[in-house]
Amino acid sequence: MSEKPEHFIIDGKRLDGRRVDELRSVKIKLSPLDRADGSCYIEWGRNKIMAAVYGPRELHPRHRQNMTKAVVQYRYNMAAFSVSDRIRPGHSRRSIEISKVGRDAFEYVVFTKFFPKTAIDVFIEVLQADAGTRTAGINAASLALADAGIPMRGLVSACAVGKVDGEIVLDLMKEEDNFGEADVPVAMAAGGKITHLQMDGHLTRDEFYEALKLAKIGCDKVYKLQRQALIEKYSGDYAENGEDAITQSEGDADE
Amino acid sequence: MSEKPEHFIIDGKRLDGRRVDELRSVKIKLSPLDRADGSCYIEWGRNKIMAAVYGPRELHPRHRQNMTKAVVQYRYNMAAFSVSDRIRPGHSRRSIEISKVGRDAFEYVVFTKFFPKTAIDVFIEVLQADAGTRTAGINAASLALADAGIPMRGLVSACAVGKVDGEIVLDLMKEEDNFGEADVPVAMAAGGKITHLQMDGHLTRDEFYEALKLAKIGCDKVYKLQRQALIEKYSGDYAENGEDAITQSEGDADE
Amino acid sequence: MSEKPEHFIIDGKRLDGRRVDELRSVKIKLSPLDRADGSCYIEWGRNKIMAAVYGPRELHPRHRQNMTKAVVQYRYNMAAFSVSDRIRPGHSRRSIEISKVGRDAFEYVVFTKFFPKTAIDVFIEVLQADAGTRTAGINAASLALADAGIPMRGLVSACAVGKVDGEIVLDLMKEEDNFGEADVPVAMAAGGKITHLQMDGHLTRDEFYEALKLAKIGCDKVYKLQRQALIEKYSGDYAENGEDAITQSEGDADE
Amino acid sequence: MSDDVMAEIHRDYLFNLVLKGERDDGRAFDEFRDISIETGVAGMAEGSALVTLGDTQILVGIKIQPGEPFPDTPDVGVIITNAELIPMASPEYEAGPPREGAIEIARVVDRGIRESKAIDLEKLCMIEGEKVWIIFIDIHVLNNGGNIIDAASIGSIAALLNTTLPAERYGLGEDSPLPVRDIPIAITAIEFGGELILDPSLEEGKLAGTVYTVITNSDNGISGMQKSGVEPLTIDQVMRVVDMAGTAAAKIREKFLEV
Amino acid sequence: MSDDVMAEIHRDYLFNLVLKGERDDGRAFDEFRDISIETGVAGMAEGSALVTLGDTQILVGIKIQPGEPFPDTPDVGVIITNAELIPMASPEYEAGPPREGAIEIARVVDRGIRESKAIDLEKLCMIEGEKVWIIFIDIHVLNNGGNIIDAASIGSIAALLNTTLPAERYGLGEDSPLPVRDIPIAITAIEFGGELILDPSLEEGKLAGTVYTVITNSDNGISGMQKSGVEPLTIDQVMRVVDMAGTAAAKIREKFLEV
Amino acid sequence: MSDDVMAEIHRDYLFNLVLKGERDDGRAFDEFRDISIETGVAGMAEGSALVTLGDTQILVGIKIQPGEPFPDTPDVGVIITNAELIPMASPEYEAGPPREGAIEIARVVDRGIRESKAIDLEKLCMIEGEKVWIIFIDIHVLNNGGNIIDAASIGSIAALLNTTLPAERYGLGEDSPLPVRDIPIAITAIEFGGELILDPSLEEGKLAGTVYTVITNSDNGISGMQKSGVEPLTIDQVMRVVDMAGTAAAKIREKFLEV
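First to last, the protein sequences are chains A, B, C, D, E and F. Residue numbers for the first sequence follow my numbering, so the first one is 1 and each next one is one higher. Residue numbers for the second sequence follow my numbering, so the first one is 1001 and each next one is one higher. Residue numbers for the third sequence follow my numbering, so the first one is 2001 and each next one is one higher. Residue numbers for the fourth sequence follow my numbering, so the first one is 3001 and each next one is one higher. Residue numbers for the fifth sequence follow my numbering, so the first one is 4001 and each next one is one higher. Residue numbers for the sixth sequence follow my numbering, so the first one is 5001 and each next one is one higher.
Excised from the complex, chain A in its bound form (with noise of 0.2 Å):
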């Protein structure tokens, strides 16, 4: 691990020169597999992640079958070389925890009433990780959602907020994450409904309310990047040939 900066934030702008309220750099691309209903591959800031979506598809063993709806079933898994030192390949207590938070953030917006007895599975696989990979995963899996023309009541949007330099600042990086004062991930769905959240580190109550009131303004700003995504896939304008990702600064999003 690297050694603490002495500041995070100097003259308003962050270690990577972001302002606070400022996400890292997004490149989605989606339907990059084949063999998946849907997926969407993800560049968030460093991180590198995919997403898969299979279903609705018979669950098996038959006795985990809901009667009355999809089961939504979710995996997130590091690639053994996704980070400095090698992981173990297979379940750890971590992944296993942010496999059902992550599950737990979709239920609300997949309509599972339409597809009794089947299993909608989502599939994250991080490639690269810096921080925020659980956050980048929600955002990936939404698209990948979508692409597999799930019926869904909208988009999930995610990001973190956190606290550094004693300031609440947006999306994480990994200095700030490692050596920062408190972690907070948040998802939303439309109308700002939070369907994932999840706290680190130590923040007054009021600090607390500023983190989630600027996690609201992220997930919007991800929304957008995520809609625009969508329709560039969709609409007959996205150009097939040559670089085929999106790739936004926020900027562009912004408008």
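For the record, the hints were derived by calculation from the structure and aren't laboratory data. Some clues are possibly wrong.
Listed below are the simulated DSS-like cross-link pairs for lysine-lysine, each with C-alpha atoms no more than 25 Å apart in a straight line [said to hold, decoys possible]:
(1) F:K5206 with C:K2100
(2) F:K5206 with C:K2004
(3) B:K1224 with B:K1213
Have a look at the derived ranges for each label pair, beta carbon to beta carbon [stated by the list, open to error]:
(4) E:P4179 with F:P5097: 37 to 43 Å
(5) D:D3075 with B:D1085: 23 to 29 Å
(6) F:E5254 with B:S1092: 55 to 61 Å
(7) E:G4096 with B:R1227: 42 to 48 Å
(8) E:L4172 with D:K3123: 40 to 46 Å
(9) F:P5097 with B:S1092: 20 to 26 Å
(10) C:N2178 with D:P3177: 45 to 51 Å
(11) A:G166 with F:E5254: 55 to 61 Å
Some chain A residues flagged as far from chain D (calculated, every beta-carbon gap over 10 Å) [what the hints assert, rightly or not]:
(12) S31
(13) E107
(14) P151
(15) G166
(16) F179
(17) G201
(18) T204
(19) I231
Here a beta-carbon is modelled for each residue, glycine too, at the ideal position from N, C-alpha and C.
Given the coordinates of chain A, work out where chains B, C, D, E and F should sit on it, guided by the hints.
Quick look at chains B, C, D, E and F alone, frame taken from chain A:
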């Protein structure tokens, strides 16, 4: 592990002041748990053990069902913090063996034919271990089965006998178990029928016979304690208020 | 591991005195086990291997059944004490791979269509390992299948060929396997049909072709040993008394 | 099947109660069941606490032994938290390795202890990069009467406050109390018919659309949160739970002065 | 199903035989089947023995390597006993990690070796607390013809008597025989229709209400016991088995002089 | 079931095509699909390559760390190869520990790297018997479009060629490229209706009676082979695949000059 004492018996008294045919102090509390169908907490010397019974209930997976009788399942488990060196949670070879012979100790007394296709589950959790957890666990299980209203031929009563300083003694404490010459855990049903018997150490044929006869005396003492606990619980006399555990010095039980 | 010998072949003789196209001594005993439906014990040089076959028999769990044919299952296992450093009991990645290609070696010859929904189970236990356990195991499995009366197109015969001191040689012993230049285990059914083929090391195209031709010669020799073992077992001539194993020097078999 | 029907009728009953502002056991929405904390109950552990919260009974035991630090944090002690939902505690629990639910409980409790800096981990380093104290927090659920997380959180910090560093046993100096400097308390609310209810009973927990836990410290700061369950929360609902949790935790923290 | 009917008829047949004081194979109740012991059969092992007891065939291999002692017994060697009921040996056995039955067999055999002090474990300590010899006893059941425990017990001590400490391989001095100083033998009886029968065949074993094993030593002392199965025994029955076991073990022990 | 019928019709269609000397996608029997190799894509890995072979996408990442050598090869580095057929890549793949198929893929790829001596393992020894570099090759299949083995083989050597020994991170000197001196390439043929077809698509792979992989090196020598599947091969067929593999591998090896 502490040092081996020079003598285990001085002037007819053991290290904790007991006579050679005396049990440790026993405290029994019936129905301490409300989710289980029956339960019993026992303090046996420095051992603290909880037993719970569920059933008769449906047995899954179905291929494990017996068409003609209930399947008795018995799970002996030690809490991670129940001994000096932390135990890794999960089954050990020792706990699997104790679970097997614990189950065998009860098959004879439970009227399994009354409940075909079902399971009767007995769970033993050792919360603090001294010596004799398997026999104390059987005694608690016996009461938890009665508390659950499982029809039985009678109670099973268990104790260990062993040899220290060349003498056959009842109910080994930790030092006697660690440094003694033999350890013989025994469980008996009504009429001195032996439903559980193991042996470690070294005994001549005649010493072993002497040990078995002392075990019979010990099991009779235990039976009286168990019976008294049930009577106090299920007779109206039982004081619900205040301390509801039954602490028995052996003298009381012997009357 | 011992030191690499300076030469593997001196004056046309190998370290154990064999010619380059000679098998190690082979000893075969049919039906050594009475629980299995068929069995065969083989000593192949210093290898000692037991093979047993059960089936056709019901296959559980049912979802693994094939409606149109028997499923051949093959389990290669090394006893913990079969090699210099104790092996932890249970599957290793190596044993899983050998089991898979072992199974594939027999699918072609077994008339699986005769026994839909069933399993034919082949178990190989390596009790003492030198080199060539997978091919010796296939040879024993072939005879155990015959002993079990499983209908087959014919026997499968296997041997390894390799390269030492620049020469292609038959049936590598331990030192040749450890320090040689290549190892090619081969199994053949009647007509030189290759049902198993793997290769390690380094060979030119022409060396490999030479190796394959030598493997054909080796498999023919093995076939004769196998056939003789079956004849002696199932013809009335077979002496039941005394030493009932068939020890073959290659010369005998070649006649 | 008839079990299911009974369960549904019971759910409707509880639901209608909540709409009237009432709970089955007469509690206010922000009212906890009786809590008792008994420490030192597991004599082979370095610290322990038996927590009773309504019908819920949880025994937390602390074991401590010397070991190696993690490579990326060479100068601090290690906390390992594990929860066992043993089959004794509920007909739904099964034997076997911890599942999702048990892992989440352990990780949320761990988060509260760790992020509140309740344990002074620097003081648990003996030789940097080589030898530190390893604290095992083992949460043993004996009877599941609902709201396991809060009971486990209370039991864990109670057991830690009761813990002795067993230095003598390992020839590493004199025994001393574990350096604990805060009392993080997890408070869990469920959302149900739009209402937010603290300390859900087992039956209430089954109704919950969402389970939301907030961990606060002695200074009323927040050091951990976890939302799970399928229903979303609004920012207002979240902040209401934060406020309810601060108040409830302060009351429970007073218990620790009594112990 | 028809298998079950056949099995029941066979059980009735065996039962009626026993009532007449007879066994299917003509043996007396206290009579063992033929035993053969072949040692040194597994050449890569430090010691080995193939035991044939009637149809039962068991190969026991001993591996020895240097390693660390257990912390609570720093000055003695380590014995690790494992039994594999491989699917080759019986249609009932399945592949996978050892189950209850295999674990019980290994632990009872281990108990006999350990409690009889047959191996002088003090002599297996090289550096106290750091380096001792670790003895692996691996019991490999090749053919289950009944009474696995006794065959495994006989095979284990036969293999140990045949074992060399491989000091040279590890650069730890000269090879020497493993210091073995007793011959514990497990004798198993089944209770069946009130009768006590030694060395049960596979079919007899399936009838058994109770399986009771007594391990005796050269001095006729007892160093291990295990009762399993559902039927109880009286004190008298137990003592009868103890006496039968002493006599039978002494006879088998004579075999070891022949090897 | 109707899925099965459709699959059978499709198989018949492909079979008839092959009898006419044609393939569904118009390729010649010895023709590969388009291959692209992108290196350095996984920035936390010491080396990486994303290989696209038709629809198949595989990401191979290399991690390197210091560790102990195997006792029987104390003076060389260690290679550990693992393949994960993650459920993302195919509806047939399941989560959990690697099964037979994944293990075979990893072992065949490993065989090619190891037996070709592509990596100079002697140079990866730092202190004999104590400290060597351990190379982890992790094969992550993202999309299964058929012929996983060849794509994994190409990806693995491409990633290794792109790998840096991370000596600085461990305070073990300066970073340097991993010493790679050959480019082993696995080429897989299927046998189908008597014909031998390279680079099988997913659909073709399902038809295969036999799958046969030949790994060749820069000198056109052979350093690994694996036959799997139920149909036998003749010596002639084997030699034809060997020749086809040599030619195809040489063409693919040229790709590496472009990277």
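Consistency of the hints with the structure:
1. F:K5206 with C:K2100: Holds. K5206 of chain F to K2100 of chain C sits at ~17 Å (cutoff 25 Å).
2. F:K5206 with C:K2004: violated, 44 Å
3. B:K1224 with B:K1213: Roughly 17 Å separates the two Cα atoms, so the pair holds.
4. E:P4179 with F:P5097: 37 to 43 Å: holds, 42 Å
5. D:D3075 with B:D1085: 23 to 29 Å: holds, 26 Å
6. F:E5254 with B:S1092: 55 to 61 Å: holds, 58 Å
7. E:G4096 with B:R1227: 42 to 48 Å: holds, 44 Å
8. E:L4172 with D:K3123: 40 to 46 Å: Between L4172 of chain E and K3123 of chain D, where Cβ atoms are some 43 Å apart, the hint holds.
9. F:P5097 with B:S1092: 20 to 26 Å: holds, 22 Å
10. C:N2178 with D:P3177: 45 to 51 Å: For P3177 of chain D against N2178 of chain C, whose Cβ atoms are near 59 Å apart, the range 45 to 51 Å is violated.
11. A:G166 with F:E5254: 55 to 61 Å: holds, 58 Å
12. S31: Nearest chain D Cβ is 28 Å from S31 of chain A, so the label holds.
13. E107: Per Cβ check, E107 of chain A is inside 10 Å of chain D; nearest 4 Å; violated.
14. P151: holds, 16 Å
15. G166: It holds; G166 of chain A is separated from chain D by about 14 Å at its closest Cβ, greater than 10 Å.
16. F179: At roughly 12 Å from the nearest Cβ of chain D, F179 of chain A sits farther out than 10 Å, so the non-interface label holds.
17. G201: violated, 6 Å
18. T204: violated, 5 Å
19. I231: holds, 25 Å
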